[in-house]
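Protein sequences appear in the order of chains A and B. First residue of the first sequence? That's 351 in the numbering used here, and the numbers climb one at a time after it. First residue of the second sequence? That's -9 in the numbering used here, and the numbers climb one at a time after it.
Treat the hints loosely; a few may be bogus.
Claimed, not checked - Cβ pair distances, simulated, as ranges:
| # | chain 1 | residue 1 | chain 2 | residue 2 | range |
| --- | --- | --- | --- | --- | --- |
| 1 | B | L21 | A | V655 | 19 to 25 Å |
| 2 | A | G619 | B | L22 | 46 to 52 Å |
| 3 | A | L623 | B | E3 | 50 to 56 Å |
| 4 | A | R440 | B | F26 | 37 to 43 Å |
| 5 | A | G597 | B | V32 | 31 to 37 Å |
| 6 | A | T656 | B | Y27 | 30 to 36 Å |
| 7 | A | H405 | B | T(-1) | 39 to 45 Å |
| 8 | A | L609 | B | A20 | 45 to 51 Å |
| 9 | A | T656 | B | L22 | 33 to 39 Å |
| 10 | A | R442 | B | F26 | 22 to 28 Å |
| 11 | A | F410 | B | R11 | 21 to 27 Å |
| 12 | A | F410 | B | R8 | 47 to 53 Å |
Simulated from the structure, these hints should not be mistaken for laboratory data. Note that the structure is predicted; figures quoted are calculated from it, not measured. Positions of the beta carbon are idealized from the N, C-alpha and C atoms, including for glycine.
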Amino acid sequence: MIDIPLQMDAEREEAVAGLSVATVGDYIALLKPRVMSLVVFTALVGLVMAPVPVHPVIGFCAILAIAVGGGAAGALNMWYEADIDALMSRTRRRPIPAGRVSRDEALTYGLVLAGGSVLVLGLVTNVMAAALLAFTIFFYVVVYTMWLKRSTPQNIVIGGAAGALPPVVAWASATGGVSLESLVLFAIIFMWTPPHFWALALFKSGDYAKAGVPMLPVVHGLRETRRQILLYTLVLAPLGMAPFFLGFAHWLYAIVSALGGGAMLALAGLIWLRPNEERYPKKMFGVSILYLFALFATLLVEALVTGA
Amino acid sequence: MSEKPDGVTLTPEQARRRRQRNVAMGIALALLVVLFYVVTFVKGPGLAVHGY
């Protein structure tokens, strides 16, 4: 166990001496590949659901540009947050706090990818999509990372808008505009984000407190966090069924969203009613990922099957 | 001739990582060239006449 910190120290010393010790994997890690996978998946659903058919090559380029734009936002986030990443157990092994990539390298990398992805999306699809992607990156890096995250416990509520925009960007890539359908997809991810991250914060609040990040449990306590999780889930569960009631999803989606929404509500209720049981927030965190995946996967399947 | 050359001498590990970064960047650039070439055809003659 002891050799890893020693290796990290040696690499940090080499990096300080001006010698890059970064691997290809470090540059991939800067893009936050797990977040990127959610971006790619939700954007793909937005693109496939759009009423205007897109050539597969153009569609591939659009998804690639959106993915790289999301990755660039992740790299710029790590550039700015290197100080607090070094304090939290979950993030201290990231490339910058570990000393393998310098902050300047991450900044340059993020800016080049952000500019390139917006330019490519604009040239390959349309200006509206490019503008929305640029706004998404700006919102995540400037509004969420630089401003909200360290100043308000509502950080992930408002900042969640950045994570909810990829299907809207993809929809705009196909149609050139924004519609009710894409806004509903946005709203589902937007309302899903707070209970998802607050469930994580319930069992990681010590980490956030150590780093001085004003997450809800740190500022307003665990009871208020559990109450907010329940309130947001009460809105999320019916909102998750909106695509069916608005007529752009079918019966399979109605069943999946009802069952998933029911499971989310049950867990939110248990978190509220049984505050001493740590397993429910952990379950909620896992189930919320499954829930969002199930909703979008069903929309994708229905759109592919019905040719919508 | 026995003088030590100026500059930094990389360790084998540093040289290996630099080579891997260079190869990855080369592959990424080559794929982008291919992608832009294909996109030019997909967008069709309208791209040359009307712009994007």
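Structure-based check of all given hints:
no.	hint	result
1	B/L21 - A/V655: 19 to 25 Å	32 Å, violated
2	A/G619 - B/L22: 46 to 52 Å	50 Å, holds
3	A/L623 - B/E3: 50 to 56 Å	55 Å, holds
4	A/R440 - B/F26: 37 to 43 Å	38 Å, holds
5	A/G597 - B/V32: 31 to 37 Å	32 Å, holds
6	A/T656 - B/Y27: 30 to 36 Å	34 Å, holds
7	A/H405 - B/T(-1): 39 to 45 Å	51 Å, violated
8	A/L609 - B/A20: 45 to 51 Å	46 Å, holds
9	A/T656 - B/L22: 33 to 39 Å	35 Å, holds
10	A/R442 - B/F26: 22 to 28 Å	39 Å, violated
11	A/F410 - B/R11: 21 to 27 Å	25 Å, holds
12	A/F410 - B/R8: 47 to 53 Å	31 Å, violated
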